[in-house]
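Enquirer: Let the hints inform the model, and build the full structure from the sequences given.
Listed below, chain by chain, are the residues.
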Amino acid sequence: MLEIRNLHAAINGNEILKGINLTVKKGEIHAIMGPNGSGKSTLAKVLAGHPQYEVTAGEVIYEGKNLLELAPDERAREGVFMAFQYPIEIPGVSNAQFLRLAYNEKRKHLGEEELDPLEFKDLLKERAKVVEMDASFMTRSVNEGFSGGEKKRNEILQMAVLEPKLAVLDETDSGLDIDALRVVAGGVNQLLTPDNAIIVVTHYQRLLNYIVPDYVHVLAGGRIAREGGKELALELESKGYDWITNPNVAGSANLNAAS
Amino acid sequence: MVTEIAKTENNYQAAFRAVRASSPTVPWLELVRGSAMERFEQLGFPAVHNEEWKYTNLAPLAKQEFVPATRPAGVVIDAERFVFPETATAHLVVVNGFFSEELSVKTGLENVIAIDLLSAVADARYNKVARSYLARNAGYHNNGLSALNTAFLQSGVFLWIPRNVKVETPIQVTFLADAGRADSAAFPRLLVVAEENSSATLIENFVSTHDQQYFTNAVAEIVIKDGARLEHYRMQRESSKAFHTSITSAELGRNSSYDTTSINLGGRLSRHDISVVLDHEGAECWVDGLYLAGSDQHTDTHSVIDHQQPHCNSHQLYKGILDGNARAVFNGKIFVREGAQKTDAMQTNKNLLLSPQARVDTKPQLEIYADDVKCAHGAAVGQLDQEELFYLQARGINPELGRSLLTYGFAEEVIEKIKIDSIRAQLDEVVLRQLNTQLE
Ligand SMILES: Nc1ncnc2c1ncn2[C@@H]1O[C@H](COP(=O)(O)OP(=O)(O)OP(=O)(O)O)[C@@H](O)[C@H]1O
Ligand SMILES: [Mg+2]
Chain C
1 MLEIRNLHAA
11 INGNEILKGI
21 NLTVKKGEIH
31 AIMGPNGSGK
41 STLAKVLAGH
51 PQYEVTAGEV
61 IYEGKNLLEL
71 APDERAREGV
81 FMAFQYPIEI
91 PGVSNAQFLR
101 LAYNEKRKHL
111 GEEELDPLEF
121 KDLLKERAKV
131 VEMDASFMTR
141 SVNEGFSGGE
151 KKRNEILQMA
161 VLEPKLAVLD
171 ETDSGLDIDA
181 LRVVAGGVNQ
191 LLTPDNAIIV
201 VTHYQRLLNY
211 IVPDYVHVLA
221 GGRIAREGGK
231 ELALELESKG
241 YDWITNPNVA
251 GSANLNAAS
Chain L
260 MVTEIAKTEN
270 NYQAAFRAVR
280 ASSPTVPWLE
290 LVRGSAMERF
300 EQLGFPAVHN
310 EEWKYTNLAP
320 LAKQEFVPAT
330 RPAGVVIDAE
340 RFVFPETATA
350 HLVVVNGFFS
360 EELSVKTGLE
370 NVIAIDLLSA
380 VADARYNKVA
390 RSYLARNAGY
400 HNNGLSALNT
410 AFLQSGVFLW
420 IPRNVKVETP
430 IQVTFLADAG
440 RADSAAFPRL
450 LVVAEENSSA
460 TLIENFVSTH
470 DQQYFTNAVA
480 EIVIKDGARL
490 EHYRMQRESS
500 KAFHTSITSA
510 ELGRNSSYDT
520 TSINLGGRLS
530 RHDISVVLDH
540 EGAECWVDGL
550 YLAGSDQHTD
560 THSVIDHQQP
570 HCNSHQLYKG
580 ILDGNARAVF
590 NGKIFVREGA
600 QKTDAMQTNK
610 NLLLSPQARV
620 DTKPQLEIYA
630 DDVKCAHGAA
640 VGQLDQEELF
650 YLQARGINPE
660 LGRSLLTYGF
670 AEEVIEKIKI
680 DSIRAQLDEV
690 VLRQLNTQLE
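If you read the protein sequences in the order shown, they are chains C and L.
Here the first sequence stands for residues 1 to 259, where the numbers follow my numbering.
Here the second sequence stands for residues 260 to 699, where the numbers follow my numbering.
Since the hints were derived computationally from the structure, they do not count as laboratory data.
It cannot be assumed that every hint is accurate.
[Said to hold, decoys possible] The calculated SDA-like cross-link candidates involving lysine to any residue, where the alpha carbons are at most 25 Å apart (straight line), are: (1) L:676 - C:88; (2) L:676 - C:65; (3) L:484 - L:378; (4) L:676 - C:138; (5) L:676 - C:89; (6) L:592 - L:603; (7) C:65 - L:603; (8) L:609 - L:540; (9) L:425 - L:468; (10) C:26 - C:238; (11) C:65 - C:86; (12) C:121 - L:685.
Expert: Laid out in structure tokens, this is it:
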């Protein structure tokens with residue numbers, strides 16, 4: 001479904017991603033972990049097509065297409081979804097209006113009938129159950145005044161509505177309380193099918209207890225420094241990152257991931 | 260240039276003399292009109308060297324030989340399409356400044372006096388009220404535009420809401436520019452007196468039946484007595500070639516409330532002067548607005564909120580959306596006079612520039628002469644937020660639609676406050692015109 005080959009990307013002339021290789025197949029769950037500033041969100045945003053990042057080398061093939069040639073909205077309509085680490089507030093536009101427009105854009109793209117507000121309301125009610133989101137959030141402006149956890153839950157509501165083929169969840173767990181984490185992670189699991197795939201970016205094992213990855217990749221200094229199965233996450237939890245980023249200096253705090 | 264302005268004034272003078280000779284009003288009004296004409300002759304149109312007119316140049320208006328409209332005789336106009344459904348039983352129609360009894364519907368206005376302003380000045384039952392408030396707040400001594408309007412005062416609307424009357428139906432006054440001829444000038448006039456403890460909703464709707472060049476020079480005077488409440492919407496949807504100048508002045512009684520929202524959409528050049536005087540304790544006002552301007556449009560709002568007495572609150576939010584080479588001006592003054600303690604005044608002006616050629620000159624001003632007050636003001640000029648746009652795009656919304664949606668969201672802060680559904684719907688439609696979808 002997704003093949004990233006030797007991906008290099010820069011922002012404001014600073015190279016952040018320095019040759020990422022990653023292959024994701026249908027039905028798989030991949031976890032990306034790694035120290036702060038190692039480039040995890042950068043990778044997520046490059047996949048979503050954020051205009052500020054410049055891809056300087058490499059390629060990304062998604063469903064047989066050159067993903068990097070598609071505009072961000074085209075990627076989304078083709079089934080790529082990124083849950084933002086820091087969701088954006090859109091004042092004056094209600095969650096329901098926003099979700100319906102996004103949903104209908106995708107329907108149009110697929111050559112399907114658009115849903116009118118009433119039809120969409122029913123669908124939204126159904127999908128909101130996946131993340132146990134209260135109806136009162138639908139009439140409020142997108143993310144405006146939402147708590148940190150509510151914003152994260154709202155990201156997964158969007159995922160539930162848009163039903164992406166490839167979802168990249170950037171630290172969706174951070175900001176969620178223990179119960180919310182269970183609900184949201186449960187929601188993500190409900191959305192997983194043999195035909196789609198998920199990349200979860202996280203710092204914590206506890207999310208991976210719910211969303212169990214097939215592969216764990218450790219990003220450090222803009223490269224994948226280590227790969228393994230779900231045990232790797234447990235190992236990281238107990239040992240930290242130093243042994244990966246600086247294997248020769250045991251216990252060294254001299255971590256310079258971005259350099 | 261000077262000679263051209265003088266020539267235009269002659270044009271108005273000639274029309275003034277013609278009206279005086281053919282259809283004089285009543286002696287009291289003729290005196291007022293005569294003195295206003297004299298004042299206009301001295302003042303002329305405001306010029307750019309006047310600080311209040313620095314960014315709005317009326318020279319093209321002054322240069323044009325507009326012909327003051329006369330009372331239309333038995334014209335058939337479809338005014339109904341301008342009526343908001345909520346006001347179906349309470350709408351007053353004014354054509355080229357002249358009140359039209361035939362086009363108006365007053366069945367929902369039993370407890371209210373809604374008549375031609377000229378009749379009010381002449382009729383013994385109303386002339387005391389009408390004469391005491393007419394040309395009082397919108398004085399013509401220092402303002403050429405007000406003087407010109409007053410000089411041509413031959414009709415208009417008198418709206419008198421008696422004591423303790425709560426009018427449930429919103430009242431609409433439609434000021435219609437009708438294509439009698441090109442280059443005509445109209446001088447709509449409105450006097451509203453809301454007596455003690457009354458309450459009402461008023462919608463002023465400036466529209467046109469044609470797309471020719473014309474000049475609307477309007478004045479509305481609003482008196483809100485003790486404990487009375489007025490909700491006031493002002494929609495300005497003149498033609499794209501029109502010149503529109505307009506003055507709204509309100510005075511607020513003790514514990515009264517005035518909630519007004521001005522929507523400025525039309526006109527090649529439009530200027531709205533709104534002033535609210537809080538000269539009794541406990542009065543509160545909301546003076547909000549939205550201006551939308553596209554290419555070749557210039558829109559100017561000058562607002563004065565004058566706190567003269569203690570314990571009054573004022574809230575102001577004006578938003579502007581400018582596209583193409585549009586120009587906008589916002590000048591908002593808040594005065595807190597000596598002794599006006601415990602004043603709470605809040606003013607915000609925010610502008611969204613959709614094109615690099617658009618420009619706004621914004622100047623919020625606070626002048627405070629009391630020490631125990633809470634006042635804040637601010638102005639912002641910005642473009643669409645790229646992160647917001649990306650967020651929408653990342654959900655499959657194409658950039659064009661995304662820009663419309665964000666623009667709509669920006670305007671919504673003003674629009675959502677409007678309590679008349681059909682006005683809100685009309686505005687959503689205007690803002691979302693490019694958006695090929697209905698939102699609700
Ligand atoms: N505009 C910018 N100019 C320069 N450097 C930038 C810019 N934006 C991001 N960076 C840098 O890129 C690096 C990678 O950032 P990124 O957000 O991808 O990290 P991350 O792995 O997601 O970290 P975290 O775990 O804290 O979320 C960081 O060192 C960051 O400071
Ligand atoms: Mg990050």
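Enquirer: Taking the hints in turn, state whether each one holds.
Expert: Now for the hints, and whether the structure bears them out:
Straight-line distance between C-alpha atoms of residue 676 (chain L) and residue 88 (chain C) comes to about 24 Å, which keeps the hinted pair within the 25 Å bound. Between residue 676 (chain L) and residue 65 (chain C) the alpha-carbon distance is near 47 Å, which puts this suggested pair outside the 25 Å criterion. Only pairs whose Cα atoms come within 25 Å are accepted, and residue 484 (chain L) paired with residue 378 (chain L) is accepted, the gap being roughly 23 Å. Taking the CA atoms of residue 676 (chain L) and residue 138 (chain C), the gap is near 19 Å; set against the 25 Å cutoff, the hint holds.
Among the hinted pairs, residue 676 (chain L) with residue 89 (chain C) is consistent with the structure: their alpha-carbon atoms are about 20 Å apart, no more than 25 Å. For the proposed pair residue 592 (chain L) and residue 603 (chain L), the alpha carbon gap of about 14 Å is at most 25 Å, so the pair holds. The hinted pair formed by residue 65 (chain C) and residue 603 (chain L) fails the criterion: a straight-line CA distance of about 60 Å is larger than 25 Å. At most 25 Å may separate the alpha-carbon atoms for a hinted pair to count; residue 609 (chain L) and residue 540 (chain L) exceed this at roughly 30 Å.
A hinted pair counts as satisfied when its Cα atoms are at most 25 Å apart, and residue 425 (chain L) with residue 468 (chain L) does not qualify at roughly 33 Å. Under the criterion of a C-alpha separation no larger than 25 Å, the hint pairing residue 26 (chain C) with residue 238 (chain C) is inconsistent with the structure, at around 31 Å. For a cut-off of 25 Å, the pair hint linking residue 65 (chain C) to residue 86 (chain C) is broken: about 28 Å separates their Cα positions. Note on residue 121 (chain C) and residue 685 (chain L): the hinted pairing holds, with a Cα-Cα distance of about 23 Å set against a maximum of 25 Å.
Of the numbered hints given earlier, the model fails hints 2, 7, 8, 9, 10, 11; all others are met.
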